Amino acid sequence: MILAPGFVGAEETELVPAKQLVDQAKTRIQVIEVDELAGMRDKGAIIIDVREPDETKKGIIPDAEIIPRGMLEFRVGRITGDPDQLIVVYCRSGNRSALAALALQNMGYRQVYSLEGGWKAWDEVRKLEALSPRDPDNR
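Numbering (the working numbering), first residue to last: 98 to 236.
A couple of the hints might just be wrong.
[Stated by the list, open to error] Derived DSS-like pairs: lysine-lysine, alpha-carbon spacing no greater than 27 Å straight-line: (1) K116 to K140; (2) K217 to K140; (3) K140 to K123; (4) K224 to K140; (5) K123 to K217; (6) K155 to K123; (7) K155 to K224; (8) K224 to K154; (9) K116 to K154; (10) K155 to K217; (11) K217 to K154; (12) K217 to K116.
If you are wondering where the hints come from, they were derived from the structure by calculation, not from laboratory data. Remember, it's a predicted structure, so these values are computed and weren't measured experimentally.
With the sequences and hints as input, model every part of the structure.
Right, dumping it as structure tokens:
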């Protein structure tokens, strides 16, 4: 695909599909699984939900800051200006959060993680835990 055909100085450029951008981002960021989230929180991680406001009506991970992906670079400084702050970002499925994590890294934040599977993975684990029988010795 060619962008801006016919313009003087315009170069032929191929569009990059979103999936390819996400796949590239995932090779450059750190990813954690849902079961690692509690440990990150214990270490003082800030959790950022980058979904759109209408998506958060289904729920959010407790104590998460809500900053839609399109506003992340503009608002993250309100939460932390520390480049060594531990940050975990998540979205619905892990794609936007991969791009968000890469953007934060590009801004200079050094300890940024994307939650693999996003809200869907967290919600699924939470539902499974609620259905699991309790150990009578570990109430």
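- Message: With the threshold set at 27 Å, check whether the alpha-carbon distance from K116 to K154 stays at or below it.
- Response: holds (26 Å)
- Query: Keeping to a limit of 27 Å between CA atoms, is the pair of K217 and K140 held or broken?
  - Reply: holds (23 Å)
- Query: Between K116 and K140, is the straight-line Cα distance small enough, at 27 Å or below?
  - Reply: Violated: K116 and K140 sit about 32 Å apart, past 27 Å.
- With a cut-off of 27 Å on the C-alpha distance, tell me whether K224 and K154 pass. holds (17 Å)
- 27 Å Cα cutoff - pair K123, K217: The hint holds at about 18 Å.
- Verify the proposed pairing of K155 with K217, using a straight-line Cα cut of 27 Å. The given pair, whose Cα atoms are some 11 Å apart, holds under the 27 Å limit.
- Task: Compare the distance between the alpha carbons of K217 and K116 with 27 Å, and conclude whether the hinted pair is satisfied.
- Result: Within the cut-off at roughly 18 Å; holds.
- Sort out whether K123 lies within 27 Å of K140, counting only the CA atoms. It holds: about 23 Å lies between the C-alpha atoms, which stays within 27 Å.
- Message: Just to be careful, I want the Cα atoms of K155 and K123 compared with a cutoff of 27 Å; is the pair within it?
- Response: Given that 27 Å is the threshold and the Cα spacing comes to 26 Å, the pair holds.
- Pair hint K224 and K140, alpha-carbon separation not exceeding 27 Å: Cα-Cα ~25 Å, so holds.
- Task: Would you mind confirming whether the straight-line C-alpha gap from K217 to K154 stays at or under 27 Å?
- Result: holds (14 Å)
- Message: Checking one constraint from the list: CA of K155 to CA of K224, max 27 Å. Satisfied?
- Response: holds (14 Å)
Of the numbered hints stated above, the single one contradicted by the structure is hint 1.
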